[in-house]
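Undergrad: Once you've looked at the hints, go ahead and assemble the two chains, each given alone in its own frame, into the complex.
Here are the chains, one letter per residue:
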Amino acid sequence: MIDLFPPFLLFVAGAALLPFIPNGHPRALAAASVPVISVYLIWMMPEGMHGQFTLVGQELTLLRVDKLSTIFGLIFSLAAFLGLIFAWYVRDTIQQTMSLLYAGTAIGAVFAGDLISLFIFWEGTAIASVFLIWARRTEGAYWTGMRYLIVQVGSGVILLAGMVLQYNETGSMAFEAMTLGSPATWAIFIAFGVKCAFPLLHNWMPDAYPAATVTGTVILSVFTTKLAIYALARGFAGTEILIYIGATMAIFPVFYAVIENDLRRVLTYSLNQQLGFMVVGIGVGTELALNGTIAHAFASILYQALLFMSIGAVLFRTGTAKASELGGLYKTMPLTMVFCVIGAASISSFPLFSGFVSKSLILSASMQEGYYIVWGILLFASAGAFIHSGIKVPFFAFFAQDSGLRPKEAPWNMLLAMGLTASLCIAIGVYPYPLYALLPYDVDYVPYTTTHVVTQLQLLFFYMLAFVVLMKTGIYPPELKSVNLDFDWTYRKLGPAIIRSVRSLIQAVWGALIGASLRGLNFGVATLERAHGTEGPLARAWPTGSMVLWIAVLLGGVLLLNYM
Amino acid sequence: MSTEMKTPETDPAKLPWLGRKLLWLDNMKNVDRIIYALFVLCAGLIAADFMYSKKSYLAIEDIPGFYAAYGFFMSAALIIFARVMRVFLKRDETYYSPKDVESEAYPEDQLSRETIND
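Chains as they are written, first to last, in our numbering: chain A, 1 to 564; chain B, 1 to 118.
With the rest of the complex left out, here is chain B (with noise of 0.2 Å):
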């Protein structure tokens, strides 16, 4: 994730309450934090596996830690797949138009576009 991007200077003071309380967010190493905790969260669950009697249908089910290589290698799986398929049918945002809602801008007069500066 890059953060070169440009961006204004934005004033606390003119932030709702809960932004200003979740501008913390804003240090990459709280980030890291949060990516740490998940980590311990992991593991912490696998651990579970061995803490409980599972109730199962299937043998599979009990082999311990089962759910979570399913739903890891799974949502792997899938986002590369997807990832390959976009190679296929991508196609310009213009490619339907001007039949496609797609490259249009939305109408100025349905939107109220204010700003915190506002």
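Chain A with its partners taken away, still in its complex shape (with noise of 0.2 Å):
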């Protein structure tokens, strides 16, 4: 019986009714305020389990309402506000439609209480999402966005698959915590997995994000990296693996963020970072590292929805995310510089910004249960973090060498999301307590003592003179028009070069098997028509004294033998 308001629902009626108002404020109006009923729907929502009925003799839950998912709800819909904000003046009715629907999804997933209604939201986020790269509409977004489809959806088919093995082990079809090691556990580890970016299943992310639109990419940023982090939260809490899969993410994409030159890409690798910290988090499974994902989540939808606002805000004024053809726009595009300066202080982890108070969560647990080796890498990823979206990412499209692009400021309402975000980040990073109460676990942890303060503000500002050091010295790599070579290289080149190559083999093989036995044929024929052709020896009309005399021989032989 559905005895409380899907939130989901909401999100599907304003999709569907929202084609039908006029284009333009009213229909901007009307699309954010969605997610700000949302908001109010989940915070008013009962803990427990609502929304549940059954269908073909399986019971679904619509709704577990928990603290677990209720955080990620309520900055879920938060963000949609926030990303519908900075979309104000996009009048294209798909990708106003579809970002709510997106959103929808998303916000579906998290409160569903079994694999089945998990699964549906899940290729739901997927089929709804791609729409914000053909948004684009171009080809390379098409391919781009058909790329990403098949990824998506392939993520949701091993789910399924994973969903009916589970089924027939345990009869059940519930989403609770799991232990890895049937093959079932393991599909829907690996569908978990695709759409949380581990190292080698991580290519569709910095392939499609930068090529979504400008206000698309802010929305993808959020969701579907998110929900993973939450199915797993939820499904994989504690499992070790985890911790060396995480450690692995924070550190295999900074390398490519260094040397990235679209910024869209840049800031992509660093979200791909960011959810190796979480997924560290996760695979430690302690309160407080649970605690330290979640809010280090929350604190990084908000981050990194700014950076990809401001950075999309310059391409929105410019034509360009590239950082070869940007430089010295801090003149006339002030205010986004700020917000992108408050955007990269709080994913560098700068005292009185976000993520200050989150990220140390996880690494203060990676190093009370003994992680050291982990907890050194997350620091250097750290440093990581700083030097592509800390200092690369405002350095070189606001200062660095003057591009010559005078774009005016951005438009009032990206401004405003961005003013929006970037106070939420402050707010958060001065105050973390009202987040830390959303938490599922009681947070017993003071992020600011002088330890903590002294030893990151020694971190980051070694890091700036690091890289000032090697700016002043040429050593730091230019920005160069390129692309770098990533593990998509064996599917996009690598496997069809494979496939052309099997091909022409085949063909040869197939080509010479024909030859030759049309070769043999024709030897056959030609032999057959030397023989009993109209020349042939054989077909050649004998006399019939030469019959005789044959005769004769065969006769005498065959008496010959009978004396014998």
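No lab work stands behind these hints: they were computed from the structure.
All of these numbers come straight from a predicted model, not from anything done at the bench.
A hint or two may mislead.
Stated by the list, open to error - Derived contacts from chain A toward chain B, CB cut-off under 8 Å, selection only:
#1 Arg27
#2 Arg137
#3 Trp143
#4 Gly319
#5 Ile387
#6 Leu457
#7 Phe462
#8 Thr473
#9 Tyr476
#10 Val483
#11 Asn484
#12 Leu528
#13 Arg530
#14 Leu560
#15 Met564
Virtual Cβ for every residue (Gly too), placed ideally from N, Cα, C.
TA: Printed below as a string of structure tokens:
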């Protein structure tokens, strides 16, 4: 029985009604009000299982309300609101409706209490989100969207396989904590891992996110990956392998981010890297670590969206987001620059900004549990975050050498969205306790201790010093127009090349075989022709005399044999 | 950082208020001042290590300036490693085209290119 109004229905209804509202301010207002109502609905929902009903013999739970699902529902709604303000002037009906549907399916997924509902919403996010890439309406975006869709739907198919196996084994479709071991749990784990952009499964993200529209990338950056973080936290908390996967994720994208030219792709690599911190937290699995993961997901949704918004605004005004083409925009887009720097300070974990109060929970938890090497790696990864997102993005967009571009400041709606997001980043950093209160476990953690502040400032200022020294000595790699090969090379170049060469090999062998048999056949026909053809010796008309002679010879032979 | 690139003359009157205030960054001397300030801050932060009792888990954390050294060398190492990596991984922008947005122009109809002179 449905006893509560599920928030996802609100988004679906909003998306269905949106095309009938006059395009312009009324429609933008209607779209932005959906997540506001959703925040209210989620806030008012009592904890427990709601919206349960039976469908073809399966017990479905649309709303599992607990602290874990609620905080994700809230941040998803909040981020959807900010994203829609940022997209206020988008007049493309497809983008408007799909943004709402995408947010709605993601929110539906975090409240799903069983694997069937989870699967439906899981695929829903895949299908709704691809339109934000296709909305760019270029050939490149079409192909990129196709690749994205194949991977995303593929993740759903693996999830479906896992569900079926799980049902066979346990007879239950409940989505609860699992232990990795059976093929079923592995399949579900890998399905989550694809959306979470585990190393080597990550390529869809740096491929697709920078290909979306100005506003589409902001929306995309919020949901899919954080939904996967939620699913892993729900299903696989304390699974040790996640610690090592997360640690790899936290460093692997860093190097790419340093040499990448497209600033939206730099930010995508940094998003991938931030997910690594969260995955480590889930793997450690203690209360402190899980609190850290969720706090970090909350904070990173905001600062990552802020960074994507600021570079999106630059793209909107200049037509490019490439570091090699940008620079010196601080004079003409100073507010966008300030918001970008706030996002940069947050991702770098500067004291008084949001990253400082969320990431440190994960680092402390890994230290407390004795994962010293992982802690060292995460510290290294933090240096990476600072170098590529803390310095590189704002520096090459707004400072560095003057590009000669004199764009106007971003429009009011973009400034408003960035301003609100930036204020939240600072508010969380300055006073994290309301955020801590939303976390699933009690927080016994004080971020602002002398040791933490001083050591963090030492790290940050010496990262900066290293950047300045390398910049001044010319060692820092210049921004070049280029693409860098990543693992997707294997399926975009190597795979097709292998298929092409296998195809030509088969063609050659087939051709040779056919040729040889044809030649054989020709030879046979020619031999027959020679023997039995019109001029063939066997086709000649023989004189009767020679026949009689040969019969006499045969007869003689037979007689001889008889007498012997 | 080279400043040879030709730039259109900018009329400060057309800049937003905050942009005008930030014009002092145009002066390279001021940029150098920021860098000196960074040196002073870094030195101060190392000195700060001697002024309080660190709450630490690992013995290595107690070495004064451990975080400073770790921060400096790790970021330097990662930048240099990335630069070496690029030698092997760099390809032309058109490498994946036309099945990639990398070498495409962003569609003009979705932009609002306005300059301060408009």
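Undergrad: Take the hints in turn and mark each one as holding or not.
TA: Taking the hints in turn, this is what the structure says about them:
1. For Arg27 (chain A), the shortest C-beta to C-beta distance to chain B is roughly 17 Å, which exceeds 8 Å, and the interface hint is violated.
2. Checking Arg137 (chain A) against chain B by beta carbon gives a least distance of about 6 Å; that is within 8 Å, so the hint holds.
3. Interface hint at Trp143 (chain A): satisfied, since its Cβ lies 4 Å from the closest Cβ of chain B, which is below the 8 Å cut-off.
4. For Gly319 (chain A), the suggested interface contact is upheld, since its CB lies about 5 Å from the closest CB of chain B, less than 8 Å.
5. Hint on Ile387 (chain A) holds. Least Cβ distance to chain B is approximately 5 Å, under the 8 Å limit.
6. Annotation: interface hint on Leu457 (chain A) holds; nearest CB of chain B at approximately 6 Å, less than 8 Å.
7. Checking Phe462 (chain A) against chain B by beta carbon gives a least distance of about 4 Å; that is within 8 Å, so the hint holds.
8. Interface restraint check for Thr473 (chain A): the shortest CB-CB distance to chain B comes to about 10 Å, outside 8 Å, so the restraint is violated.
9. The beta carbon of Tyr476 (chain A) comes within 6 Å of a beta carbon in chain B, closer than 8 Å, and the hint placing it at the interface holds.
10. Interface hint status for Val483 (chain A): upheld, as the beta-carbon distance to the closest one in chain B is roughly 5 Å, under 8 Å.
11. For Asn484 (chain A), the suggested interface contact is upheld, since its CB lies about 4 Å from the closest CB of chain B, less than 8 Å.
12. Annotation: Leu528 (chain A) was flagged as interfacial toward chain B, and the flag is violated, the nearest CB pair being 55 Å apart, outside 8 Å.
13. Against a cut-off of 8 Å between C-beta atoms, the interface hint on Arg530 (chain A) is violated, since the closest Cβ of chain B lies about 57 Å away.
14. Checking Leu560 (chain A) against chain B: minimum C-beta separation of about 85 Å lies over 8 Å; hint violated.
15. Interface hint status for Met564 (chain A): violated, as the beta-carbon distance to the closest one in chain B is roughly 86 Å, over 8 Å.
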